[in-house]
Structures are given as structure tokens and as C-alpha cells.
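**Student:** Just need the whole structure built from these sequences, with the hints factored in.
If you want the building blocks of each chain, they are given just below.
There are 2 protein chains.
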Amino acid sequence: MTYQALQPSDKLLLGPGPASVEPAILRAASLNVLGYLDPEFVTIMDETMELLRAVFRTSNELTLVVPGTGMAGMEAAVYNTVEPGDKVVVAVNGFFGERIATIAERAGGEVTVVRYPWGQAVDPSDLVKVVREVRPAILACVHAETSTGVLQPMAEITRMAREYDCLLLVDAVTSLGGCPLEIDKWGIDACYSGSQKCVGALPGLAPLTLGPRARAKLAARRTPVASWYLDLTLIEKYWTGNPRAYHHTAPVNLIYPIREALRMALDEGLENRWARHLLNARALRAGLRGLGLGLYSEDDVMLPPLTPVLIPDGVEDAKVRTAMLNEFGIEIGGGLGDAKGKIWRIGLMGYGSQRRHVLLVLTALEQLLLRFGHRAEAGAGVAAAGAMYDAAAKAGS
Amino acid sequence: MTYQALQPSDKLLLGPGPASVEPAILRAASLNVLGYLDPEFVTIMDETMELLRAVFRTSNELTLVVPGTGMAGMEAAVYNTVEPGDKVVVAVNGFFGERIATIAERAGGEVTVVRYPWGQAVDPSDLVKVVREVRPAILACVHAETSTGVLQPMAEITRMAREYDCLLLVDAVTSLGGCPLEIDKWGIDACYSGSQKCVGALPGLAPLTLGPRARAKLAARRTPVASWYLDLTLIEKYWTGNPRAYHHTAPVNLIYPIREALRMALDEGLENRWARHLLNARALRAGLRGLGLGLYSEDDVMLPPLTPVLIPDGVEDAKVRTAMLNEFGIEIGGGLGDAKGKIWRIGLMGYGSQRRHVLLVLTALEQLLLRFGHRAEAGAGVAAAGAMYDAAAKAGS
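Going line by line, the protein sequences match chains A and B.
Counting in my numbering, the first sequence runs from 1 upward without gaps.
Counting in my numbering, the second sequence runs from 1 upward without gaps.
Honestly, the hints are just simulated from the structure, not real lab data.
Please read all numbers here as calculations on a predicted model, not as lab measurements.
Just to be clear, a hint being listed does not mean it is correct.
Identical copies carry no separate label here, and so any pair may be met within one copy or between two of them.
[To be verified] Taking lysine to aspartate or glutamate pairs in the DMTMM-like style, the calculated list, with each CA pair at most 20 Å apart, reads:
hint, residue 1, residue 2
1, Lys319, Asp38
2, Lys185, Asp313
3, Lys217, Glu236
4, Lys217, Glu163
5, Lys237, Asp338
6, Lys237, Glu98
**Tutor:** Following this line, the structure appears as C-alpha cells:
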């Protein structure tokens, strides 16, 4: 067994995540390692929490990064809020909603799943009937469904959670940093995300915030949290305790890049960042339509960081994605679950959300579609995208 | 809130971990990000598993890195082997043994804890009485107790596990890569470690291996694993499935450094690496005795990667460690649990285990002890260490 030193290719990551990362953020992963209780590192943790609160738009004290991937964030949010026997209603319109339900069941919750068609938003006027009947302790939904590219309008759901006095748990893995998300203003009680998408950092951490109502429920538990590793009553003693109490050895060199990514996101300005993601998504969608392609989700629920495009009849999913990766050095995503083989998912997240990436992926896609039997008018994709940018520039000037 | 770009100091990490990292391994964290299902990344995962099997000395197929810290490794090992109602015997002689017991209880195990004095090894002739009486499904112990610097002799415990037909679960967080550990030869059924110690990589991953008996128990479970995130039946579908099935987004830029660290450990040769850790530990212990300091563990159970030294009467723990960090740029560890305030823990792990680090930490310690009231003969520490190196060179030539 003889291996050479690693030299991963330089690829443009335009799939569902991880996204391509700003070079300065990537370099932060190789900064000097510090001890997990070194006062210098504790300051970096404090800064990370403060930056994260600003990006989550919350004053929640318990706002930190969980030492695992976005799925660890999901498990932490669910396990710390759901006690065995708790009634949980999960609104499901895609793969990640199903996962919340699975994990809530594993936490011992009595779970009611309310399903809506993939590619569409959850219908609050229907959901409320179930909430009224079940009277759950926890209502869960996905703000940004990564499997379908649907952004859930939250106003009616947040109102429902207040009216029926249930904790509102929200998956924001693909929305945090990429489109409006207001933890405090909207009244979300528990929310988690991933580091590797619109936040713009490396994969492996889960930003998480827990509001006062969720913390009160956690403090009043009769049973310990099912996971010791993700027990927030223990994790918070390390992140906010005085003195800090050892729980785990922090993944120091992943915390550096997310601290840098959060700092740069706020330097850009959250509203500017959301607008950038929106504009590039609109240009991409215009370009895809220009290529004669259909979209899996309607414009009124479009999720700017992730665009789901229907694979045209007669074109093979894997062939296009493989050629895109090997010949163009661009990764786009396939479908998950029900959408497997039906859609591609093109992510424009964080550093990935750039005009030049939109034009490049449209150009590459046009060439591959032509090869694999889908006819499009030459240059129609980039032309439509270009027109969208021009219109936006004119409107902004 | 305005922050500058991060510039963590360059510190020499000689505590209980994370350890200082070989610069080439540190740089690997900033290599190009790949998608978690990119065939190029899947190859890197395959290589990592193969390298890890060689370092664990096992042919276990289920040998991978868990996407979390060493504590995630502990939880994964315990949760996947222990079912609610299972009898578990945990031999405890320090902080991490207690943790195994806590986590086994959280998994629903009927846990019997057998305690031995901190700083000493577990006594198998006593332990066997409990095992004979309880007849546990799982017997757990700590190979390298990071809180006390004790290396547990394993021969009698492995024999006991076979004789009484229980799964043997072993914590090797501080031993893997730093001292002999033979999963297959010794018959260990489940073992986990951390990436940031003698393996020589960055914190945030937990190497883990599960043998055929443990896998059979996992396959025969009546209840799902209590943690979805750490459910190895799901994680292995991502690591070894054909095709790979999405479970979580791999922490790609932590897997690069551990792949490099494992490769370099095998290039060095495991026996050479163990010998290096042993020699430097013996020199350090000689030097500490030369400074008139006592050790918390006896030489016959010394854990080469981590040396526990008694804080001399009248010397304040925190003052010395703070001055060591701020004035010398060297981190050493304090005590945990029962040993808090009584000992310092000096780690010589991976890249940290070097002759020059031994001499440096002894020199710095001498100067600080003098300042804080402990009198030692000038130069006696480094002289004793130097004599140990000279004797070893003579014996080897």
C-alpha cells in the first residue's frame, strides 16, 4: 500500500453543497492549531457566537456550532426539544422533512407527518387543521428544502405555532446566509443549518440556535437527551460556561473558517448577500428556460441558493453530470429520493453565487444537452441570463 | 461588531490534545474542496479506510472515521453495541472510563461500574469476579486513560472477554498511532480513537473499527440505534455502499489531513513510531524526575503519549500553565476530574513527540518552577533526558 500526497482537483462546486469556498476562507483551515481551552481560542469561539447571532438575526444566547455536519444539527435540534411521548407534527414536502420525522421518531416522539407534494410549498391552511387536532408540543418544517429547491413562506406557520403554543423547529440548512431568515422577528424556537452552503465555510459544522422557550423545555426535561454527544446542556457548558467545561475537543480548524466566513458575510451585508443570491438565481432560471428546460419548483417558492431543473426527456441524468464533472470540472447535483433521475440541482451558494458561474454552467449545459440529444437555440441560455443581469443593473441605477 | 482576519499564534501543543501537527498535514486542510460523492473523493475515502485498517492492525471492513470528535467515536461505539437492557461492565480508572459508563447508561444499558484508583491500571483478577457474576453482553475499558496517563495491559482483559463471551469495547483515543494496539490479534470487537492525538491529524474526527461479532450484534438489534447521526448501519452505507448512499455531507477538509497523517504514519512505520513515542516519553520522565518532580503513574503502566506529573507542593497549577502558554508559547494540560489541580499532563503525541520538544519543555518548566518556588538543580532535567537519549543511541548502535 503506497500512496502519494493528496492533490484533489480544482472543481467548481455548483451542486447542493459543499459549495466552492472563498480562497481566504479555505486557507483559514490551515491556520495554527490552538488548544480547545486556550484563552485565544475561547475568544474565537465568543466571536463566532456573536457573528452567528448576527447572521441568524437573533439575540439567543445559545447560538453556536454543533461539532458535526448539518445532520448533527438536525439531530441536536430535534433530540434536545423532543422528549419521549411528545407529540410532534412535521410538515414534509421533501427529503429533509422526512428525515426530521425519522429523527423525531427515534427521539421517542409521537410523530404525525403531514405530507405535501415535492416541489411545492407546505399549505398552511391545511397544516393548521392537523395542528388544531393534534396539539403538538413541537411543530417542525423545512425552511429551505434542499431536495426540491422550495423556499417555504414562514408567516402563517410561525403564527400557527404561536396560536397553538407549540415550539417551532426549522431546518435552515440551505437558507442561512442565502435568503432572508429572521429567527427573532419570526419567532422560531429552534433552528439549525450547515456550514458548507450559503454560510460559505467548510463542511463539518452545524450552526444552531435555541430560543428561550426551547431552552425552558430543555431545562424541564424529565429524561436526559437521547444523545450525550449532542446534549446541548453539556455542549453549552463548553461554549458559554464560566469557566468553560470540557465536553469534546473542538474541531478547531473548522471553526476558523466559519468564523472567517461569518465575518465576511456580515462585511458584505446580509441584505446585499440575499440580493446577490436572488439575482444570480433569477438569471440562472431565466437561462435554463432559455435552453428550453423546465423547472421543478414554481417561481413564487423559488429557493435562490438551489435551482431544481427538470431533466429533459431522452437525456440521461448520470451521463450529463459525469461529463460536466470530468470535462468541465463543474459539479451539479442529482435528485434525491422521489426526485432521483428527474431533476438536477444547481447550487449557487455563498462564493458559488456569482455571475460568472451562472454563465459558465449555462454554457457547459448547453454543449452537453446538444451532445445528448436535447436541442436548444444556440446561446439562448446565456442570452436570457445576460438580459436578466442587464435589467437588474438598469433597475438599480 | 468589526473583526479582523484571524491570526492564531503559533503555539507548541504539548497537552492532552490537540497536538501540534506536521505542517504538510495542516496544509492538507486547505486543499480544494470536493463534493462528498465525487468519485475522486470516494477514492480518498477508500484510501483512508485502507490506511486506517493498517494503523488499527485489523481487517475489519467497518473501519472508518465518524464525522465528529473522539467523543462522537465513544458514543458511536457504545450506542451501536449496547441495546436497552444489555448488561454492560465498565472498568473505570479515570475520567474517560466514567464517560463510557455515562454514555452506556444513556444508551439504556444496565451498567455495572468497577472502579480502580486513578493513576493505576485496572486489576483483571478483580474485574473477572464481576464479569463472572454479571455475565455482561459488553465489557468496556480504556486502553489509554487520557486523564491519568495510564496504559492498560490488555492481555488478561481480552482473554476474559473471550472466556465469558462478551463484546470487548476499548477506548484508544490516546493510544492509536502512539503505542502498540492490535485490534485483530488481541480480539477487540469495537474500538474508537481521535484524530488529533497520536494519529497526527486535526481535531474533529473519530477513527472507529467494528469487528464481526460487534457487527452481528448490531445487525440483530431489536431497536434502532439511539442516535440517528451516529447509526453505523447508515454511516457505513455512505462509506462502503455500492452505490454510496447519502447520509451526511462528509467533513471533506478534515478527511484530507487524516488521510495524509495515516499515510505518513505508515511511511514512518508503526513500530518505529511506537518506539519514538516510547523513547521521548522515557526521556521526559527522566527529565521530570531530574527536576525533582514526582509522576502520577508508575513506569510499568506508563502511557508514552501522555505523561502525568505531580504538581509540587506550594506551586500553583494555573500560574505555571498560564506562564508556559503566554511566555513560552507552550501548552501543557491541567488535570481532569479527580486529578484537577494535582497534576499537569504533558503530551508527546504524533508530531509533538520529538527530542527537541522534550528538551524545550523541561527547560521552560525548570525556569518556571524556580520562579514559583520549587527548587531544582540547574540543568538537571535536560541532563537526565539527554542521558536517556544517549543511552538509547548507544543501545541501538
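**Student:** For every hint, state whether the structure bears it out.
**Tutor:** Here is what the structure says about each hint:
Taking the closest pair of Cα atoms, lysine 319 and aspartate 38 come within 20 Å of each other only across two copies (14 Å); inside a single copy the shortest separation is 50 Å, beyond that limit. Taking CA atoms no more than 20 Å apart as the test, lysine 185 paired with aspartate 313 passes in neither setting, with 44 Å inside one copy and 56 Å between copies. Within a single copy, lysine 217 and glutamate 236 get their C-alpha atoms as close as 15 Å, which meets the 20 Å cut-off; across copies the closest is 34 Å, which misses it. Taking the shortest alpha-carbon separations for lysine 217 and glutamate 163, only the intra-copy value of 18 Å comes in at or below 20 Å, while the best inter-copy value is 47 Å.
For the identical chains of this complex, lysine 237 and aspartate 338 are inter-copy neighbours only, at 19 Å across copies versus 41 Å inside a copy, given an alpha-carbon limit of 20 Å. In this assembly of identical chains, lysine 237 and glutamate 98 lie within 20 Å of each other by CA distance solely across copies; the values are 18 Å between and 31 Å within a copy.
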